[in-house]
Amino acid sequence: MKTKLLNRIISIFTLVLNICYTSNAQDEKDSGKNLPKEEDYYEIQTIQIPESIELGVGGMTFTPNGKLAVSTRRGEVWMISNPYQLGGTPPNFKLFAHGLHEPLGLAYKNGFFYVSQRPELTRLKDVDGDGMADEYKTVYPFDIMGNYHEYAYGPRFDAEGNMIVTLNLAWGSGRMESLSKWHGWMLKITEGGEMKPFATGMRSPAAFGLNAEGDAFYAENQGGWIGSGYITVVEEGDFISHPAGLRWSDEVKSPVKLKPSDIPDSGKPQFEIAKGTPGMKAPSVWIPHAFMGVSTSDIVLDTTGEIGPFKNQLFVGDQGQSLINRVYLEKIRGVYQGAVFPFRSGFSSGVFRLAWGSEGDLFIGMTSRGWGSVGNEKFGLQKLSWNGKMPFEIKAIRAKSDGFELEFTQPVDEITARNPESYVLRTFTYKYHSIYGSPMINEAVPDLKAIDVSEDKMHVRLVFDQIREGYIHEIEAKGIKSLLDKYPLLHKTAYYTLNRIPSGDFLILSEKNKLLTKATVTKTMEEGKKKNIAKGQANKTLPKTVSFEEVQALLRKHACVACHKTDEKAVGPSFIDISSRKYSTERIMELIYKPEPENWPEYATPMPRMRNVPTDSAEKIAQWINTLKK
Amino acid sequence: MISNKRTKYLVVFIALCCSHTFSQETTYVDIPLTDFRAFNQPDQNWVITSDFDSDFTKPWNLKRIKPGSGVALNNYSEKTHGHLVTNKEFGDLDLEFDFMMDKGSNSGIYLQGRYEIQLFDSWLKSNSTYADCGGIYQRWNEEGGMKGYEGVSPLVNASYAPGLWQHLRIIFKAPKFDDKGNKVANARFNEVYLNGVLIHNQVEVSGPTRASLFHDEKSLGPLMFQGDHGKVALRNIRYRSIQKNVGKGKNSKSGINIIKPIKRPYLLRSFIMFKGEKLNKVISLGHPSGLSYAYNLEKGALLKVWRGNFMDVTDMWHHRGQAQLAKPLGNTISLSNSPAIALLSDFHEPWPDSIAPSMVHQGYALDKNGVPKFTFNICGVNLTDYIVPLDDGMGFERTLTLNGEIDTNLYSRIISAESIVQISKEVYRVDGNYYVMIDKKFQSKKRETKTGQELLVNIGKVSSEITYSIIY
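Residue numbers (my numbering), protein chains in the order written: chain A, 1 to 630; chain B, 1 to 472.
Careful, some of the hints might be misleading.
To be verified - Facing chain B, according to a computed beta carbon distance under 7 angstroms, are these residues of chain A, among others:
#, residue
1, Pro119
2, Tyr136
3, Ile144
4, Tyr148
5, Gly370
What the hints assert, rightly or not - Pair by pair, the computed Cβ-Cβ distance ranges are:
#, chain 1, residue 1, chain 2, residue 2, range
6, B, Thr399, A, Lys125, 17 to 25 angstroms
7, B, Ile242, A, Asp567, 46 to 54 angstroms
8, A, Lys125, B, Lys278, 25 to 33 angstroms
9, B, Lys263, A, Asn92, 16 to 24 angstroms
10, B, Ile242, A, Ser261, 56 to 64 angstroms
11, B, Lys253, A, Leu95, 25 to 33 angstroms
12, A, Asp40, B, Ser254, 45 to 53 angstroms
13, B, Lys425, A, Glu251, 50 to 58 angstroms
14, B, Thr399, A, Lys196, 32 to 40 angstroms
Just so you know, the hints here were simulated from the structure itself, not pulled from any lab data.
Where a beta carbon is used, it is the ideal one built from N, C-alpha and C, also for glycine.
Next comes chain B alone, as it looks inside the complex (with noise of 0.2 angstroms):
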């Protein structure tokens, strides 16, 4: 007896270390916004919520801050303004989470409370800085006379819209000690991903960054996110230790063919992935500004949007090209693979997923600046689809043009998401990830659906021609 419980202990102990171990090397740990258990009592200024009101067009006013959790905000005020620390204390780390800027706001990522990367509205700025969304910030050294020195900028400025959800992905290693506590090698940001794209490639530093929680330099130290800069909010935390470098196979090569749009927009036709789907007559348009967009030419279906780099095409032009898929460079904005326009019975009817055999696209023409206007023939009436980076370069705007009379219940479906929330007369704000800015002239009205909520118009009724904008 005595035996036989040893091997149930022990096999209970192996497989405890078994699946520490697993945890360990694969899967990631989420540090809960259930409350703020997980980090060193935060000031007041930190607030547990499901969800608040926010913008790209003004400041934030947080009036309304919903119940619920999941989403760690920072209501920060001259008064109080206190850092989020974590208890844990990390060594190597690969960390990831979401943030939102409020528009202008400033903040930052302290790995060990020390090594800054920084959180800021640097959206539509053109040369970023170390100061800029993504950037390591300086070191600063007032007794040793230094003061600002070492900030890395980040390799592309690959940021979003204030008041939209921005992901951030940061491989880190920590400074390692001999025996005698000597420093033997300096921490390192293997590599960091703004919204998908890598910004930082291997750049060590040499010690703590301005501000930061310590002076000196140690194996482990918590997590820090500043707290007396500005409003943010933080969401979604993770983190694993890193995963050693597996061979990524043979067939999924990348970097090695990647186009960048120099001058004139960039067209592409390719296959793509779209939810899981591989769809085959895609066209993708990146925009010397950096905005990108991808769109099944069959459909008139606007696919995704993005911002930074256009696009890896390695499965297309290496070698044989098995795979023949473009590769989005930096998280996309997913949109929708169903028609643009569609006929309804009512204004009740669901959307459907296939184009109308009556619908047939013709192909498009380029304007004097390189970019598509796409030609539909809908039931012997020419369309146009016109989707123009905006001259600012928050976003796309897009144009629907009808030539031609139509007398049946043709709409377009402009939006279509979980949540549609309306924050102004024309803006609306779509699931956090992008925002929808429509003329209140073409009268477009929200329904809900089984899976969330539509934004539609009627197109042939209320005008030949709608025009809204993708702001992101």
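Looking at chain A on its own, in the form it has when it is part of the complex (with noise of 0.2 angstroms):
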């Protein structure tokens, strides 16, 4: 902690350095050059594991002795002594018990492992004191059908002891099912193995964390009846999507009511369905796929504010992308709401699960088996933490009755927080229906009415036309600037999910939030300049009807960027390998519809049939692609 606290004082020297180069370097910013990087304030540290060992993560904890405890996907737990390599050292990795059948969760209480297995959660104990248990008690059996979707996560433990578990719905015939009982469910289980179905409406509840009230939230993953991914609270006896689970609902123990016939199959959105259908809720914050991740993983509670300045926060994962995004709660009129920002990516493997070290830094548990994901490592364990320097980010966004409130880490620059172009406004949800994943739907770009500045320069409050209850607001300050030295936003575009609008509070217009004029502006700002580096290249030969920024921006809503980039081999291939391939524009349309995931045996993510592309555009991606042929 001291060293943090001394890079602060460096870097806040080195913040009043800034201020007498800025409009010296202002050009050179822009230009992309010397702008900060995640890696800038957060170093990802890889930890050594031995070449013998297959560390495909399932679940991660640490002992009161500080010792990483890591369960792994093919069934060993181990002890890693000294993870923070700590005097220069390789950690030690010592098996405390192995032949657990994919265990995904790992808990420690008071000198016990809780452990949950495909078929049963179990209570590791050392009896003997030799470093190994030698006690494996069935705490809880769980039934099921032999199917590889059937996982079990957790435990976690509640507010009041209970263990929090969840278990994963099957694959059945082409769609996700409930095949045994309570697969698509959060069950609460106590140390004596009691168990209560808590809530259902899950697909593939891969994670689940608690709140700074503690409340319990979960993960989700695209697929079918569920849009995208997202994280929600989850509260006893709550329907949340996927119907499968339902099928349990007239057993004695549910505490749910509704059956599977009371949820249409409209593509309607959710929270629309949710408001008609008593028992069901919304999400709480969508992670619109693949804008913020593709496969929603851990959730952790920052509950000391030594990551940066994000106490309260959650972090959560994603394994596909390999990234950890941030999340900021607030609660309106009862109603769990957010926004999801970007937090660090560039992780080595598929992100799986996050433990908190004791010296604030954050363990990254990776596997990427059976799941492709950016960070093309089979598996791996890494740890980061915050160099103590301030990011310039928007720390937390609330709703207003109006429009928005941006809280800053760092003042901004007031001439580029009050132009109206430094922001961009969307609002779109998905649909909710029985097909895998869906469409950004309704989507509308509301006007801004007003800008208001805090004095601190901390906030800045944007009002605008129109704000819509139940939709996800895409906000994006491209254009804002820190103060001290006039950096754009380390991470410029969040997601707030707004259930619920907050009642009163309208802000009154006058001349101190009236929006600015153009020429006002452009006598102190320049013009963002758009960064496109193959824009040059490929408008040569794209045919003459469609413009590079138009195929980026299909690319970007049909969400082909969550998983291709165009020269980087990422969860799926880049588009100029696809390019090698010489298959014809109509052939790529084709493979857009119904892939072949068998020319691409390398990757082990199957590409989903993507039919929400309309054929123009379908058409003009594949195009495109065809004009990286080398």
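These two chains come separately, so use the hints to put the complex back together.
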């Protein structure tokens, strides 16, 4: 901690120095070369794993001795001494248990480890004190059919000391099903083995955690009935999204009363369906597919603020994109909602489990076996730490009756903050239907009416002509700069899920907050320069009717970019690799609608059928891909 | 009419060709053991029978050889000990058969009468040589001064006990010759499996083995079962042509992830196939000694035991592991998926398939060697099930202990089989597949069922702890 404090002092000093140079350095910064990057604030350190160990992380927890316990997808539990690699010494790995059936969760309490295996919740104890478990007690057996998708996750202890466990749906005939009891559910289980079904509507509830208030949130993955990943609060008796688990709602122990037939498969937005379906809830915070991640994984609460100025916020991993997002939550009229921000990307494998180290570092346990990730290592263990320098970020977004209030981590530059062109707001939502995923629907772009910058320049309030209850609000603060060194935001875009519009407190429009005219702004600001590396070359060969920008927008809109990059391998092959297969435009279009994963055996995650892409868009994308041929 | 007739013949001819090709390619042809018609007039030591008393504790006493057929028994004696040689000659061949060794006995199967895979009682031997069961026996060239060369030991000793049926599969390529009769390719054992365990993988042999029927090499030759070294029995002999390597499909990969227990036992939770059913709450033990078992935790059922290598977990650990199935490496001896203990109203009540609701599994604790002791709660009383490898490696010893009083008829089913033959006061031979040894103080009682026979012990009444051994 001392180092961090020192760093902070140094960074403040640097900031002061920087002010002197800002005006001269302006051009260079805008060109992108010297702009701050995530790694300037957050360092990723790789924990050395002996070559003989395949540490595909399933569960992870610290013990009171400062050892990191990791359960692996191969069924082992490793005790890792000195995971911090203090003193330049590599960590020690000792096998504590083995042979568990794909344990995807691990918790420690009072000398016991608790672990979810596919067939049961198990308690492990080292009775004779030799550092190896010798008692494997069945706390609660799960019903299973032997389907590989019937994963069990957890446990985590809730505030009352119950263990929270979730059970994944099975992959049935082309869709997810609850083949055996309580799959698609969150359960609460006592240490004595008493089980209470708690809530259902889950599809692939790979993770859950508690927020600062002690409420349980779970993370969901896109699929049938799930338009996009999200995290959402879970309260007893809730039905969330996927109706398969409702098959068991007539069981005596079920606190959920809805029946599968109560759930319409209409493709209307989920918040509309939820409004008309008592007992059903729309997600607290959507994590828009492709923009923010593709497979939501672990949730941890920042209780200390030692990894940045984000105390009481949640960090949420993403397996497929090897990154961590950050979520600010607030409760409006009794309902949780909030914003998701990018936090740190660039991890070496699929981010699956997160655990806090003793110095406020975050340990990241990873696996990409069977489910490919941008970080293309098969597994890994890394540590994320903050160097104490203050990144320029939107710290929080709060809903207001007429818009949003953005809170920043540093004072903002008033001119850029008051420039209406610094912001773009877009609203959209997803279809709620049995089909896999969803396009973005009902898009709208509200207009700004006023911008109010607070006295301390830490808050900016944006008033729009319209905000939409139930919708996701994409807030892009692309033009705003920090006061001290005129840096743009480290992450410009956030997504706020507006489940409830707060009442009252309208901003009174005045000279102070009225929108600046273009002329006023131009004097002090330069035009933002769009950076499209491929633009020049691509335009040469694209048909005149298609612009490069248009294709880029389509790739984003249809979430292609979630898995494909232009020139680099990601979850799927790069567009250049695809172009090298020399497919015709028609063939590429065909493959968009009906992918043939067998053509790319080296990629673990098969591409879903992209049925929502209109033909003319698919054609443009296909034509563009073919301009990349070398 | 004539043309019609021709067509008809043609159709028959084509049909014959097809069926012929079909049988060549995919189906097995049996060498019948109803009599010795398929063989070249063997000596009197070869006998056709249905069964006989076999044992593992001492050399066979063949006073009772049952009538019937299906089994060829070599009742070897110093006086009479001819070989058993087929009439038919073979080239490339996919051959399999069951065999049973007398205690300490020695025999062999000679492909083309020339290339021998040794049959031997190699039970419990830790380091197999070419002279052990499954070994490719040495060549011998007295004139050339080459005595004992090119023997190949099996990759692993996968032998079961004498007096039990074992299984051998040999995929053999005959030597190849050009038009002038010059050899252009050596004979080759592509793959050899003993009790389901791969023991040879693409091994060439440069010429006939010692004591072969012929000293030259040819494209074709008969099968010869050696008769002049000791007692052996054979059954289910069949063959087919070598199958082309059909792609095994992307969902059934194997061999990528193998678990081999080193020093300590490996305990694996997994799904396992048992008699066509996918069982989900199975734990398997692989012991460094080479003994393995699979156990249904939910029911306290000992599912199967085997010997040699432990487990292929490719379907669990490779990519997503879509089947999540662990595959035992080797031919397992299937026991039962019914509970080990049950509450019966009386001795005649049929044994239940499922576990009583009053019996709940509670997990297990490891002993100091890493072997688990399974715990159940049965009507409020604690019961443990402890299955430990026998010190001499002969099999497992199972101990069921009831830690409390129980006032109902609690039975343990020791054996369920088609045929249970008592071969001594305390030893039973079960379907020729394994032996059970149980002290007579436990007063085990045999009963007939619809499908065979069972051996039960009244655990509550006789003793609160019963122990028996499964030997194989």
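Hint-by-hint comparison with the structure:
no.: 1; hint: Pro119; result: holds, 5 angstroms
no.: 2; hint: Tyr136; result: holds, 5 angstroms
no.: 3; hint: Ile144; result: holds, 5 angstroms
no.: 4; hint: Tyr148; result: holds, 5 angstroms
no.: 5; hint: Gly370; result: holds, 3 angstroms
no.: 6; hint: Thr399/B with Lys125/A: 17 to 25 angstroms; result: holds, 23 angstroms
no.: 7; hint: Ile242/B with Asp567/A: 46 to 54 angstroms; result: holds, 48 angstroms
no.: 8; hint: Lys125/A with Lys278/B: 25 to 33 angstroms; result: holds, 31 angstroms
no.: 9; hint: Lys263/B with Asn92/A: 16 to 24 angstroms; result: holds, 19 angstroms
no.: 10; hint: Ile242/B with Ser261/A: 56 to 64 angstroms; result: holds, 58 angstroms
no.: 11; hint: Lys253/B with Leu95/A: 25 to 33 angstroms; result: holds, 26 angstroms
no.: 12; hint: Asp40/A with Ser254/B: 45 to 53 angstroms; result: holds, 49 angstroms
no.: 13; hint: Lys425/B with Glu251/A: 50 to 58 angstroms; result: holds, 54 angstroms
no.: 14; hint: Thr399/B with Lys196/A: 32 to 40 angstroms; result: holds, 37 angstroms
When each numbered hint is compared with the structure, no violation occurs for any of them.
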